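These protein sequence lines map, in sequence, to chains A and B. Each residue of the first sequence is one higher than the one before, counting from 1 in my numbering. Each residue of the second sequence is one higher than the one before, counting from 1 in my numbering.
These aren't lab readings, by the way, just hints derived from the structure by calculation. The reader is advised that the hints may include incorrect statements.
[Unchecked claim] Coverage of chain A stretches by chain B, computed from C-beta distances (three or more under 8 Å per stretch; other residues unrestricted):
1) 39–52
2) 62–68
[Stated by the list, open to error] Below 30 Å or equal to it, Euclidean Cα-Cα: the simulated DSSO-like pairs (lysine-lysine) are:
3) A/K10 with B/K588
4) B/K45 with B/K354
5) A/K28 with B/K354
6) B/K45 with B/K77
7) B/K442 with B/K30
8) B/K217 with B/K199
9) B/K354 with A/K10
10) B/K199 with B/K157
11) B/K199 with B/K45
12) B/K157 with A/K68
13) B/K354 with B/K588
14) B/K217 with A/K10
15) B/K134 with B/K588
16) B/K217 with B/K134
17) A/K68 with A/K28
18) A/K28 with B/K199
19) A/K28 with A/K10
20) B/K588 with B/K77
21) B/K77 with B/K30
22) A/K10 with A/K68
23) A/K68 with B/K77
24) B/K157 with B/K30
25) B/K45 with A/K28
26) B/K134 with B/K77
[What the hints assert, rightly or not] Label-pair restraints from in silico Cβ distances:
27) A/G38 with B/R419: 30 to 40 Å
28) A/P24 with B/K442: 38 to 48 Å
29) B/G424 with A/R11: 31 to 41 Å
30) A/A21 with B/A465: 24 to 34 Å
These figures come from a predicted structure and were not determined experimentally. A virtual CB, placed ideally from N, CA and C, is assigned to each residue, including glycine.
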Amino acid sequence: MTLDSIGRGKRAEIISIDWDALAPDEGKRLRALGIDEGARIAIAHKGVLGSSDPIAVMVGRMTIAIRKVHAAAMQVEAI
Amino acid sequence: MNVTRRVALVGNPNAGKSALFNALTGARQKIANYPGVTVERKAGKLALPGAGTVELIDLPGSYSFDTTSPDEEVTRKVVMGEFEGEARPDVMVVVLDAANLEQHLVFAQEVIELGLPVVAALNMVDLAERDGLKLDPAALSSALGVPVVSTVAVRRKGLDDLIAAIADAEHSAETMKDAEPRPHITLPERRLTARNIAKAAILSESTERRMHTGLDKFLLHPWIGPPILFALLFVIFQAVFAWADPFIGLIEGAGEAANDWVVAAMPEGFVRDLITEGLLAGVGSVIVFLPQIIILFAFILLMESTGYMARAAFVMDRLMASVGLSGRSFIPLLSSFACAIPGIMATRSIADPKDRLTTILIAPLMTCSARLPVYAVIIAAVIPATTVGPGIGLQGLVLFALYVAGIVGAMIVALVLRRTVTAGAASGFIMELPRYQLPRLKDLLIGLWQRAWVFLRRAGTIIFAATVVLWLLLTFPKAGEGESQLDASYAGQISAAVHPAFEPIGFNQEMTLALVPAMAAREVAVASLATTYAVDSDDEAETEEALRGQIAARWSLPTALAFLAWFVFAPQCISTIAVARRETNGWKWPVVMLTYLFALAYIFAGATYWLSVWLGL
Numbered sequence: 001m002t003l004d005s006i007g008r009g010k011r012a013e014i015i016s017i018d019w020d021a022l023a024p025d026e027g028k029r030l031r032a033l034g035i036d037e038g039a040r041i042a043i044a045h046k047g048v049l050g051s052s053d054p055i056a057v058m059v060g061r062m063t064i065a066i067r068k069v070h071a072a073a074m075q076v077e078a079i
Numbered sequence: 001m002n003v004t005r006r007v008a009l010v011g012n013p014n015a016g017k018s019a020l021f022n023a024l025t026g027a028r029q030k031i032a033n034y035p036g037v038t039v040e041r042k043a044g045k046l047a048l049p050g051a052g053t054v055e056l057i058d059l060p061g062s063y064s065f066d067t068t069s070p071d072e073e074v075t076r077k078v079v080m081g082e083f084e085g086e087a088r089p090d091v092m093v094v095v096l097d098a099a100n101l102e103q104h105l106v107f108a109q110e111v112i113e114l115g116l117p118v119v120a121a122l123n124m125v126d127l128a129e130r131d132g133l134k135l136d137p138a139a140l141s142s143a144l145g146v147p148v149v150s151t152v153a154v155r156r157k158g159l160d161d162l163i164a165a166i167a168d169a170e171h172s173a174e175t176m177k178d179a180e181p182r183p184h185i186t187l188p189e190r191r192l193t194a195r196n197i198a199k200a201a202i203l204s205e206s207t208e209r210r211m212h213t214g215l216d217k218f219l220l221h222p223w224i225g226p227p228i229l230f231a232l233l234f235v236i237f238q239a240v241f242a243w244a245d246p247f248i249g250l251i252e253g254a255g256e257a258a259n260d261w262v263v264a265a266m267p268e269g270f271v272r273d274l275i276t277e278g279l280l281a282g283v284g285s286v287i288v289f290l291p292q293i294i295i296l297f298a299f300i301l302l303m304e305s306t307g308y309m310a311r312a313a314f315v316m317d318r319l320m321a322s323v324g325l326s327g328r329s330f331i332p333l334l335s336s337f338a339c340a341i342p343g344i345m346a347t348r349s350i351a352d353p354k355d356r357l358t359t360i361l362i363a364p365l366m367t368c369s370a371r372l373p374v375y376a377v378i379i380a381a382v383i384p385a386t387t388v389g390p391g392i393g394l395q396g397l398v399l400f401a402l403y404v405a406g407i408v409g410a411m412i413v414a415l416v417l418r419r420t421v422t423a424g425a426a427s428g429f430i431m432e433l434p435r436y437q438l439p440r441l442k443d444l445l446i447g448l449w450q451r452a453w454v455f456l457r458r459a460g461t462i463i464f465a466a467t468v469v470l471w472l473l474l475t476f477p478k479a480g481e482g483e484s485q486l487d488a489s490y491a492g493q494i495s496a497a498v499h500p501a502f503e504p505i506g507f508n509q510e511m512t513l514a515l516v517p518a519m520a521a522r523e524v525a526v527a528s529l530a531t532t533y534a535v536d537s538d539d540e541a542e543t544e545e546a547l548r549g550q551i552a553a554r555w556s557l558p559t560a561l562a563f564l565a566w567f568v569f570a571p572q573c574i575s576t577i578a579v580a581r582r583e584t585n586g587w588k589w590p591v592v593m594l595t596y597l598f599a600l601a602y603i604f605a606g607a608t609y610w611l612s613v614w615l616g617l
């Protein structure tokens with residue numbers, strides 16, 4: 001299951017990330033923000049005006065906006 | 001020893017670094033660009049008790065020394081001592097958000113590993129307590145191996161302790177021979193350590209936290225969020241145009257008074273004309289926009305300091321993505337409605353170079369306040385003041401259409417650019433949404449003052465030089481008997497030479513002539529037309545009224561519409577081009593910008609002219 005398939009308000013743990021699917025700098029930026037393998041996250045907000053992009057993810061005490069393409073590269077497990 | 005000691009503030013974005021910097025240095029800050037890059041260098045003086053004065057540098061916020069943006073790269077280079085012309089800091093103050101230690105301690109470890117003297121400022125402890133978090137600075141200090149001081153920058157709490165700690169560290173820096181780096185560890189290790197240290201430093205944690213999730217429920221709501229943003233934008237534009245009026249009047253009054261004073265004080269002649277017609281008229285034409293820019297920036301700074309700006313970027317991201325940009329471009333483009341110059345400077349926060357370049361190239365298409373005088377005069381002259389629906393005037397509708405034409409044009413251009421010259425690496429959107437905070441008046445005022453000053457200094461010098469040159473071109477050579485000064489002048493000769501190119505798109509000779517001095521600033525076109533029609537009046541309102549009549553009598557509707565279409569696109573602003581050159585480090589992109597904008601202006605003015613002739617308007 002990938003992160004983009006998780007609904008608003010749901011929690012999950014990141015099992016693996018397909019780093020090759022992300023631009024190198026974006027991978028770095030995500031890791032620097034704590035979005036990495038093993039991180040526990042929650043979907044806070046999803047999409048604007050009917051689209052499913054962007055996504056606001058809660059990691060620890062931070063809320064981080066990412067795009068659906070980033071979320072699709074992350075394998076997660078519901079917790 | 002007489003060498004200035006340097007103390008650098010580092011930390012994650014949103015750690016409250018700038019507020020701490022403002023609190024420590026007050027308004028006496030020096031802002032400059034690091035040579036070769038377009039990242040602002042903010043520095044100020046900090047007096048240490050009994051240890052003299054040090055220079056305090058506010059480095060751009062960073063998540064890591066493994067950098068991903070031009071901002072972060074500057075921080076890394078300065079801290080490593082690799083930045084040419086910039087001495088390595090003697091002491092580092094790492095600023096931590098008390099409510100988000102787990103994240104901020106990751107970068108703090110990287111900083112401490114460098115082996116330089118470090119002081120940690122545990123900032124925003126009040127917000128942490130509001131979130132139900134009680135922390136133990138002593139535990140944190142022993143875990144990190146550096147002194148830790150609790151601060152609340154915006155309330156000036158803990159500042160004396162912090163300054164004392166900096167003085168101690170600064171003293172130890174003098175005795176320390178060589179910075180000895182501690183062993184490097186990997187990011188996952190750092191993250192684990194950060195989590196453990198944060199956990200150990202928390203005395204108590206209650207669950208009543210995150211008041212901001214309540215606000216986000218509305219502001220980031222997929223259907224309620226966008227209308228709230230658009231309503232806010234509507235209020236901002238109303239304010240920019242309505243609230244600025246009295247101040248614009250004041251500035252114009254002051255300009256006229258200065259003009260009268262010079263006229264009275266100096267003998268008639270070249271120097272007096274240069275001062276009144278060149279300096280006062282030229283510089284005045286820029287300063288007049290200051291109120292609108294300050295009002296717009298007040299809103300932008302408020303949106304930034306409260307944390308709403310990141311939400312606005314979130315809400316706009318989907319729309320911007322449809323033309324290959326991201327929500328990050330929204331902020332610079334919003335600024336460009338006041339003036340493209342600060343807008344282009346605001347693109348610095350965009351990490352992706354191609355994203356940033358695209359934003360710079362389309363920024364001049366946002367209808368800036370300098371176009372307004374041109375639009376206002378011509379619309380009033382040729383568009384009848386009738387209504388086309390309940391409460392909808394035709395003149396207002398045309399003005400609105402001109403704004404929309406600029407926005408739609410920008411979107412189409414962005415789409416084309418992202419597929420051609422700036423193609424590559426699909427721009428992503430990864431952005432921290434900071435916690436909501438109440439803005440502080442002092443930080444707001446310092447920010448406004450800095451932006452106003454940068455605008456005045458840059459635009460003022462360029463505009464000043466340009467208007468003087470144009471004034472000289474309009475004044476020389478002197479016309480003979482019975483000859484019009486405008487026709488005889490170099491400017492007149494230039495316009496006569498280029499006029500054949502503008503005839504096919506419906507422009508008359510006076511319009512072509514107006515375009516020449518309007519290269520300095522768009523609104524100069526109005527003054528130039530007024531001069532051309534020999535409307536001699538000191539009173540500005542009267543000039544406008546008379547000019548309106550002249551245009552109404554002499555211009556056909558297609559010609560006037562073509563002129564309006566021209567101004568939607570034409571890059572008639574030397575300052576914008578100069579800033580674009582500076583921000584892109586070369587002439588290549590400004591030339592691309594000039595070429596495509598003039599081409600669009602020509603095509604659309606021509607199309608407008610021939611379409612309206614064909615429609616029999």
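Structure-based check of all given hints:
1. 39–52: It holds, with 8 qualifying residues against the three required.
2. 62–68: holds (count 6)
3. A/K10 with B/K588: Outside the cut-off at roughly 49 Å; violated.
4. B/K45 with B/K354: violated, 36 Å
5. A/K28 with B/K354: It holds: about 18 Å lies between the C-alpha atoms, which stays within 30 Å.
6. B/K45 with B/K77: Holds - the C-alpha atoms of B/K77 and B/K45 are around 22 Å apart, at most 30 Å.
7. B/K442 with B/K30: holds, 17 Å
8. B/K217 with B/K199: holds, 29 Å
9. B/K354 with A/K10: Given that 30 Å is the threshold and the Cα spacing comes to 35 Å, the pair is violated.
10. B/K199 with B/K157: Answer holds: B/K199 to B/K157 is near 24 Å, not above 30 Å.
11. B/K199 with B/K45: With a Cα-Cα distance of about 36 Å, the restraint between B/K199 and B/K45 is violated, given a limit of 30 Å.
12. B/K157 with A/K68: violated, 42 Å
13. B/K354 with B/K588: Judged against 30 Å, a Cα distance of about 14 Å means the pair holds.
14. B/K217 with A/K10: holds, 15 Å
15. B/K134 with B/K588: Not OK: B/K134 and B/K588 at ~54 Å, beyond 30 Å, violated.
16. B/K217 with B/K134: holds, 27 Å
17. A/K68 with A/K28: holds, 17 Å
18. A/K28 with B/K199: holds, 25 Å
19. A/K28 with A/K10: With a Cα-Cα distance of about 25 Å, the restraint between A/K28 and A/K10 holds, given a limit of 30 Å.
20. B/K588 with B/K77: The given pair, whose Cα atoms are some 27 Å apart, holds under the 30 Å limit.
21. B/K77 with B/K30: This hinted pair holds, its Cα atoms lying about 20 Å apart.
22. A/K10 with A/K68: Holds, at about 16 Å.
23. A/K68 with B/K77: Violated, because 33 Å separates the two Cα atoms, which is more than 30 Å.
24. B/K157 with B/K30: Cα-Cα ~24 Å, so holds.
25. B/K45 with A/K28: violated, 35 Å
26. B/K134 with B/K77: Violated, at roughly 35 Å.
27. A/G38 with B/R419: 30 to 40 Å: The hinted range 30 to 40 Å holds for A/G38 and B/R419, with Cβ atoms some 38 Å apart.
28. A/P24 with B/K442: 38 to 48 Å: holds, 41 Å
29. B/G424 with A/R11: 31 to 41 Å: Since B/G424 and A/R11 have Cβ atoms about 36 Å apart, the given range 31 to 41 Å holds.
30. A/A21 with B/A465: 24 to 34 Å: Check failed, 51 Å falls outside 24 to 34 Å.
Hints 3, 4, 9, 11, 12, 15, 23, 25, 26, 30 from the list above are not met by this structure, while the remaining hints are.
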